[in-house]
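S.K.: Numbers in the numbering used here are just positions in the sequence shown, counted from 1, shifted up by 5.
Worth double-checking, as some hints may not be accurate.
Straight-line Cα separation of at most 27 Å, BS3-like style, residue types lysine-lysine; simulated pairs [said to hold, decoys possible]:
{"#": "1", "residue 1": "K497", "residue 2": "K536"}
{"#": "2", "residue 1": "K350", "residue 2": "K366"}
{"#": "3", "residue 1": "K99", "residue 2": "K361"}
{"#": "4", "residue 1": "K83", "residue 2": "K284"}
{"#": "5", "residue 1": "K138", "residue 2": "K292"}
{"#": "6", "residue 1": "K401", "residue 2": "K433"}
{"#": "7", "residue 1": "K420", "residue 2": "K284"}
{"#": "8", "residue 1": "K440", "residue 2": "K536"}
{"#": "9", "residue 1": "K70", "residue 2": "K271"}
{"#": "10", "residue 1": "K189", "residue 2": "K292"}
{"#": "11", "residue 1": "K189", "residue 2": "K174"}
{"#": "12", "residue 1": "K361", "residue 2": "K98"}
{"#": "13", "residue 1": "K301", "residue 2": "K70"}
Just the calculated beta-carbon pair ranges, DEER-fashion [what the hints assert, rightly or not]:
{"#": "14", "residue 1": "H500", "residue 2": "D470", "range": "19 to 25 Å"}
{"#": "15", "residue 1": "S356", "residue 2": "R135", "range": "46 to 52 Å"}
{"#": "16", "residue 1": "Y82", "residue 2": "R225", "range": "38 to 44 Å"}
{"#": "17", "residue 1": "D333", "residue 2": "V27", "range": "23 to 29 Å"}
To be clear, the hints were calculated from the coordinates, so they are not data collected in a lab. This one's a predicted model, so the numbers in the text were calculated from it and none came from an experiment. Glycine included, C-beta positions come from ideal geometry on N, C-alpha and C.
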Amino acid sequence: MAVIEMAKNDLETLVGKKLSDVDIKERIPMIGAPLEGITNNTLQYEVFPNRPDMLSVEGFARAIKDFLDLEKKSHIYKTSDSGVTLFIDNSVKKVRPYIACAVIKNITFTGDAIKSLMQTQEKIHQTLGRKRKKVAIGIHNIEAVEQPFYYKAVEPEKIRFIPLDMKRKLNLKEILREHPKGIKYANILEGKTTYPIIIDKNENVLSFPPIINGELTRVRNDTHNLFIDVTGTDEKAVNTALNIIVTSLADRGGKIETVTLVDNEKKKKTPVLEYKKIKLDISYAKKLLGIPIDEKRIKTLLQRMGYLYENGQVKIPPYRADIMHQMDIVEDIAIAYGYENFKPKKPVNESGKELKEQQRKEKIRNSMIELGFQEVVNLVLTNEDNEFKKMGLKPKDYVKTKNPLTTECTICRKKLIPSLLNVFSQNKHRRYPQKIFELGYGVYLDKNSETGTRDKLVLAAAISDDVINYGDLLLVLENLMKKLDIDYKLEKTDHPSFLKERCNKIIFQGKEKGIIAVINPDVLKKFSIEKPVVAFEILWS
Numbered sequence: 006m007a008v009i010e011m012a013k014n015d016l017e018t019l020v021g022k023k024l025s026d027v028d029i030k031e032r033i034p035m036i037g038a039p040l041e042g043i044t045n046n047t048l049q050y051e052v053f054p055n056r057p058d059m060l061s062v063e064g065f066a067r068a069i070k071d072f073l074d075l076e077k078k079s080h081i082y083k084t085s086d087s088g089v090t091l092f093i094d095n096s097v098k099k100v101r102p103y104i105a106c107a108v109i110k111n112i113t114f115t116g117d118a119i120k121s122l123m124q125t126q127e128k129i130h131q132t133l134g135r136k137r138k139k140v141a142i143g144i145h146n147i148e149a150v151e152q153p154f155y156y157k158a159v160e161p162e163k164i165r166f167i168p169l170d171m172k173r174k175l176n177l178k179e180i181l182r183e184h185p186k187g188i189k190y191a192n193i194l195e196g197k198t199t200y201p202i203i204i205d206k207n208e209n210v211l212s213f214p215p216i217i218n219g220e221l222t223r224v225r226n227d228t229h230n231l232f233i234d235v236t237g238t239d240e241k242a243v244n245t246a247l248n249i250i251v252t253s254l255a256d257r258g259g260k261i262e263t264v265t266l267v268d269n270e271k272k273k274k275t276p277v278l279e280y281k282k283i284k285l286d287i288s289y290a291k292k293l294l295g296i297p298i299d300e301k302r303i304k305t306l307l308q309r310m311g312y313l314y315e316n317g318q319v320k321i322p323p324y325r326a327d328i329m330h331q332m333d334i335v336e337d338i339a340i341a342y343g344y345e346n347f348k349p350k351k352p353v354n355e356s357g358k359e360l361k362e363q364q365r366k367e368k369i370r371n372s373m374i375e376l377g378f379q380e381v382v383n384l385v386l387t388n389e390d391n392e393f394k395k396m397g398l399k400p401k402d403y404v405k406t407k408n409p410l411t412t413e414c415t416i417c418r419k420k421l422i423p424s425l426l427n428v429f430s431q432n433k434h435r436r437y438p439q440k441i442f443e444l445g446y447g448v449y450l451d452k453n454s455e456t457g458t459r460d461k462l463v464l465a466a467a468i469s470d471d472v473i474n475y476g477d478l479l480l481v482l483e484n485l486m487k488k489l490d491i492d493y494k495l496e497k498t499d500h501p502s503f504l505k506e507r508c509n510k511i512i513f514q515g516k517e518k519g520i521i522a523v524i525n526p527d528v529l530k531k532f533s534i535e536k537p538v539v540a541f542e543i544l545w546s
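Could you put the whole structure together from the sequences, leaning on the hints where they help?
M.R.: Quick look at the structure:
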């Protein structure tokens with residue numbers, strides 16, 4: 006978390022009213038910004054990582070105006086085209102691939118305004134920017150250079166310029182060795198053979214991101230027109246940082262203008278200051294909040310947190326990067342409502358009891374143990390070889406793991422019989438007969454699920470011995486179904502993994518629920534199993 010510092014009178018100017026001790030010590034912290042200290046005219050507040058827009062004094066004041074209901078109008082930031090173009094060279098794609106830019110016109114800097122801008126830049130670097138590795142911001146006097154600008158990567162010895170706070174030209178390698186900022190952030194470019202730079206039409210260097218700007222474009226008290234570049238390794242974070250900076254400067258009276266970015270033949274303009282929309286389920290909000298609240302009241306509370314609301318849609322300001330789900334919106338409704346206004350309710354005590362699902366699992370498990378089987382537990386992660394190839398099947402409709410660390414765990418299993426065959430394969434030296442079962446989960450694709458997958462409970466059992474008959478396991482299945490009070494029937498079927506004449510579907514509740522069969526000798530050979538195996542598998546959910 007970051008602590009930001011501001012002059013009380015500057016904050017009051019931005020807010021538009023005198024702030025009382027109650028405002029400073031009690032009401033403002035309710036936004037989620039605890040007061041850290043007061044010294045003379047200076048206030049210090051802690052800003053949580055989920056609100057980078059409040060890292061600027063201007064953004065902090067904006068949030069206060071909304072929360073204290075001082076701002077009746079919405080925060081719509083208009084832009085115009087600056088006519089400035091920046092060309093992105095392919096050479097930066099493997100070094101620092103993302104950039105967003107803007108022009109600010111007609112800004113007037115006071116001492117407080119410059120101090121706020123420098124603080125905002127540094128706090129974003131340390132938090133959202135991950136110490137400049139993820140995001141770095143450059144702010145320049147645009148009058149000192151001539152567009153178009155170019156963002157490219159160069160060999161470090163081939164370009165020289167005067168970095169900020171120095172008197173002589175250095176190449177990029179020398180900057181990393183000699184300049185305080187270069188020494189501090191050199192690790193970001195470690196291992197790179199080329200370094201990113203931004204130059205103008207005349208090859209004047211504006212910036213060596215993420216290290217240092219050029220002295221040529223230094224911002225001074227009499228600077229009124231700015232060029233802002235934000236570079237980084239995360240496109241969303243880069244655009245968020247730019248939006249925070251430009252809206253803060255706009256709150257100081259600056260005019261926001263877009264820059265055209267040309268990447269090969271693709272063109273886009275930044276910043277993009279459009280409100281995004283999230284649908285809010287009012288019943289969901291009521292349930293989470295636990296209070297009787299109507300849509301009109303919700304709209305009012307949302308306005309106090311800087312949102313717009315219309316026809317079930319919440320419009321989120323472009324500087325709010327923390328809103329990803331309607332849960333985040335409900336949290337802000339609670340903040341606006343006031344946590345102190347929630348009336349605590351004594352919970353109704355109920356004695357705990359086992360879930361019906363767990364009771365069923367225990368009954369199945371105990372029944373199998375009573376029938377003489379030993380339980381085994383296998384990993385849900387497996388591989389295509391065991392799940393499909395060894396079973397004589399073609400891969401189909403399965404969940405694949407992304408970037409697996411081992412070839413043994415590349416997919417999620419659907420069936421449990423391959424897992425049992427693996428157990429037999431690894432225990433050939435053990436005494437026979439071997440009677441094992443597993444009650445576990447298979448992972449199935451489900452487009453209606455939030456994650457796109459669904460876990461289903463599966464029971465698989467198998468017997469391996471020198472001589473084993475299909476009827477031996479059929480008797481086990483019959484006894485299990487009696488214990489579970491399930492009426493079932495069998496129907497003949499074909500399956501590549503099993504012997505054709507010893508393979509039946511298990512049907513109950515009007516649906517095909519499983520299979521019982523003798524394992525095909527070809528399958529046993531692929532698993533290096535030397536004795537015959539009979540098995541059944543039932544899908545319970």
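S.K.: Next, verify each hint and record whether it holds.
M.R.: Comparing the hints with the structure gives:
1. K497 x K536: With Cα atoms ~24 Å apart, K497 and K536 stay inside 27 Å; holds.
2. K350 x K366: 36 Å, violated
3. K99 x K361: 54 Å, violated
4. K83 x K284: Distance ~24 Å between K83 and K284 Cα, so the pair holds.
5. K138 x K292: 41 Å, violated
6. K401 x K433: Distance ~31 Å between K401 and K433 Cα, so the pair is violated.
7. K420 x K284: The given pair, whose Cα atoms are some 39 Å apart, is violated under the 27 Å limit.
8. K440 x K536: Cα-Cα ~13 Å, so holds.
9. K70 x K271: 40 Å, violated
10. K189 x K292: 50 Å, violated
11. K189 x K174: Distance ~19 Å between K189 and K174 Cα, so the pair holds.
12. K361 x K98: Roughly 55 Å between the alpha carbons, so the hint for K361 and K98 is violated.
13. K301 x K70: Cα-Cα ~20 Å, so holds.
14. H500 x D470: 19 to 25 Å: For H500 and D470 the Cβ distance comes to about 22 Å; the hint holds.
15. S356 x R135: 46 to 52 Å: Distance hint for S356, R135 holds at roughly 48 Å.
16. Y82 x R225: 38 to 44 Å: 25 Å, violated
17. D333 x V27: 23 to 29 Å: 28 Å, holds
Violation of the numbered hints given earlier is confined to hints 2, 3, 5, 6, 7, 9, 10, 12, 16; the remaining hints are satisfied by the structure.
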